[in-house]
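Novice: Sequence:
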Amino acid sequence: MNGTLNRRELMMKALAGLAGGAIGWLPVELVTNGHSLTEQISTTNVILSYLAMVILSGMIGGFIVAAEGQQIELSPETQRKFLRGFVICCLAGLVSNFISNMIFGAILNAGGWSFNHQGSMFFLVVARITSWVVMGGVLGLGVGIATFNMANVPKGALGGVIGGFIGGALFDLINGVTGGGLPARFIGLSLIGLLIGLLIGLVQELTKAAWIVVDKGRLRGRQFRVEGARATIGRAEENPIGLFGDTAVQARHAIIERQGSDYVLKNLAVQAGTFVNGSRIETVTLHDGDRVAIGGYEMVFHLRNAVGQPQAAFTTRAPSPARVAPPPPPVTSATPSGAGPCLTDTAGTRFQLKTGAATTIGRALDNDIVINHSSVSRHHASVETRNGGFVVRDLGSQNGTYVAYNRVTEAPLADGESFRLGDAWFVFRA
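Okay, so the sequence shown: first residue is 12 according to the working numbering, each after it adds one.
Just so you know, the hints here were simulated from the structure itself, not pulled from any lab data.
Predicted, not measured: the structure shown is a model, and the values here were computed from it.
Treat the hints with care, as some may be off.
As the list claims (entries may be wrong) - Distance windows between CB atoms, simulated:
1) Gly407 x Arg19: 21 to 27 Å
2) Gly400 x Asp299: 31 to 37 Å
3) Thr420 x Asp299: 14 to 20 Å
4) Arg389 x Gln282: 30 to 36 Å
5) Leu37 x Ser385: 55 to 61 Å
C-beta: ideal position from N, C-alpha, C; glycine also.
Sequences and hints are given; from them, build the entire structure.
Specialist: As structure tokens, this is what we get:
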């Protein structure tokens, strides 16, 4: 489970909530400083306290929504996300503050609290926790709504409820340790922001159905959840899956669409193309473990409830035959008898293999066999003698080496067997 969690996003949402709570504490402190629970509050102070809590909610929500992009840069898109989260969570804070104040007051009255009379501390703690749970839940709803993804609404609410419960339970404990007043309010409100951000992110991570992990490229290690009906992939900042810093990636390069229980990848790029497991595609249904190559980026697609499939020896991925290009037609030109082991391409060109050493294959001129094909890496693979036979070994190529429709790191070759390097097909002759 730990391997599926996007720790970067969890950390950023937690820190974002912490920052929002710390900044939002200031107006709350200006309004509440010097006042007690048993004091009669003027109408002006009531209005100001509402406004202060609304700003607090907006700051926490705005920062958490802005952290969805997992970027530290203050880009225009990040600013738009913050503003959207701030406005929506301000409205949510207005509702939640009204409801939570009513609940808080009712529980305090039941515990004997009134003007100029302090009641039960137990009822105060219960009132604090309950009101914070309500406020956290509604604030989490606002965060989910601000992401414009309805699946995030219940997740945000659940995260907010848990965060509100923990923050409310710790508030009076902090109050007792620090002696009350300013430190307790600052730590408590900052902590509630942190917990709401962390737990909203955690609930989203634990309930995600599909995600992409960048395995190669500038953003290596970055994870992106695949949510909603569609998620675009590209260089433009507004893409849910943003692949920045690579001019080979177009502004909107590809799109993943949810079709029932399937995730379908569609290519949008005219020239550069999109590759899945080494094959250029236009439309393909993604399966757990599929490798998607766009420009200089290579990513791995994951499904939470994927059903494992047995794989052949040496293979790293076993795509269905219907999802890769068909093998080339049989080569009609015969190999001269006694000419030794060789490879034959689809045009009938014959390439001699070394018998006592590895034969390297790739696009670079220092290879033993030079293949001028855009899908072939500079140093793509080698064919080597092993235990009286031959094996093909991938040399870390981008588009992969495939034998019997399986992507392999190393596999034995039988006489007459077809294999491909990227999109280039060959037949092995012993």
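Novice: Each hint should be assessed against the structure and marked as holding or not.
Specialist: Hint check results:
Checked against the hint of 21 to 27 Å, the C-beta distance between Gly407 and Arg19 comes to roughly 26 Å, which is consistent with it. At roughly 33 Å, the beta-carbon separation of Gly400 and Asp299 lies within the given 31 to 37 Å, and the hint holds. A hinted range of 14 to 20 Å for the beta carbons of Thr420 and Asp299 is consistent with their spacing of about 19 Å. Distance hint check for Arg389 and Gln282: the Cβ-Cβ separation is about 21 Å, which falls outside the suggested range of 30 to 36 Å.
Taken as a hint, the range 55 to 61 Å holds for the pair Leu37 and Ser385, whose Cβ atoms sit roughly 58 Å apart.
Checked against the numbered hints given earlier, this structure breaks only hint 4.
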